Amino acid sequence: MSYYHLTITERASIEILNKENYSLRAIAQRLNHSVSTISHEINRNKSNDNYDASYAQNSYKSKKKNCGRHTKLNIKLINKIIHHLKLHWSPEQIVGRLLHNQICFKTIYRWINSQMLNFDAFPYLRQKGTRRLPRETREHFNVGKLITQRPKEVKKRAIFRHWEADTVVSIRGKSKGCIATFTERKSRYYCCLIPDRSSKSMEHAIKELIFTFPNESVKTITVNRGKEFFCYKSIEQEFGINIYFADPYSAWQRGTNENSNGLLREFFPKKTDLAKVNQEELDYALNSINNRPRKCLNWKTAYEVLCNELLHLN
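Take 1 as the starting number for the sequence shown in full-length UniProt numbering and just add one per residue.
Please keep in mind that the hints were generated in silico from the structure rather than gathered at the bench.
Just so we're clear, the structure is a prediction, and the values are computed from it rather than from any experiment.
You may find that some hints are simply not true.
[As the list claims (entries may be wrong)] Only pairs whose alpha carbons sit at most 20 Å apart, straight line, appear in this in silico EDC-like list of lysine to aspartate or glutamate:
1. Lys174 - Asp247
2. Lys76 - Glu92
3. Lys145 - Asp247
4. Lys200 - Glu236
5. Lys145 - Glu236
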């Protein structure tokens with residue numbers, strides 16, 4: 001049932017008729033309103049025991065001004081949000097880790113879109129869209145173990161030591177600059193090195209990954225069928241690591257690494273010449289990605305989860 005708000009003219013009529021001792025029913029009939037509406041109006045707006053139309057109208061305006069939802073935004077909260085947006089945290093990460101779901105992350109997006117933060121946040125937000133990379137056209141080779149042979153425990157992400165690997169490349173035909181990327185499936189810890197896109201360079205990058213972490217930190221690696229992974233035999237033989245190959249054009253089978261590559265592209269868009277990226281720039285991007293809280297990690301950071309796993313490594 002909708003509620004009807006009386007006009008100032010109707011309130012003035014109520015005051016006059018009430019002073020002339022008209023009954024509630026008579027006033028209601030005159031103004032074409034229900035008796036309960038007139039009764040509530042008079043009882044709520046008495047001044048010196050008499051109905052006061054001016055008092056009633058001012059009270060109505062005051063209540064109307066203060067009604068509705070109130071923003072929770074304040075200077076302290078604005079500064080906190082802006083600080084972490086500059087660290088490339090998403091609104092969902094800010095809410096999940098810092099605000100403990102006190103507000104909805106969509107609220108922060110509304111504040112951004114309505115410019116309530118007085119800050120241009122769009123350069124710091126991850127781009128959305130459904131654009132796809134061109135299909136792999138390079139020559140392939142006879143692969144080793146298929147992803148269907150991979151232990152089921154790897155898919156469940158319950159055990160540390162299982163990695164995914166890929167490459168992020170410069171704009172096609174412009175540069176050979178390349179980043180080798182590695183993502184641990186449970187902790188999501190993201191490592192990247194800069195070789196070119198050759199089998200020899202990838203072999204060197206994988207060895208650096210293995211030597212960077214304690215023994216037994218790398219048990220399996222899941223890769224695509226690009227020629228840079230032609231080195232898989234020597235890696236398996238030297239380190240006893242099992243390398244599994246995903247099906248052709250099935251990036252979703254390496255979803256962890258594909259998502260991490262998307263995060264890296266926030267810092268190095270597709271037109272970037274990766275040959276010109278220095279280690280300091282790469283370290284900054286890696287540190288930023290690994291120190292963001294993640295919903296899939298219960299709002300812990302990849303770095304925090306990795307440290308805990310290494311601490312309990314057998």
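Hint by hint, here is what the structure shows:
no.: 1; hint: Lys174 - Asp247; verdict: violated, 28 Å
no.: 2; hint: Lys76 - Glu92; verdict: holds, 18 Å
no.: 3; hint: Lys145 - Asp247; verdict: holds, 11 Å
no.: 4; hint: Lys200 - Glu236; verdict: holds, 15 Å
no.: 5; hint: Lys145 - Glu236; verdict: holds, 11 Å
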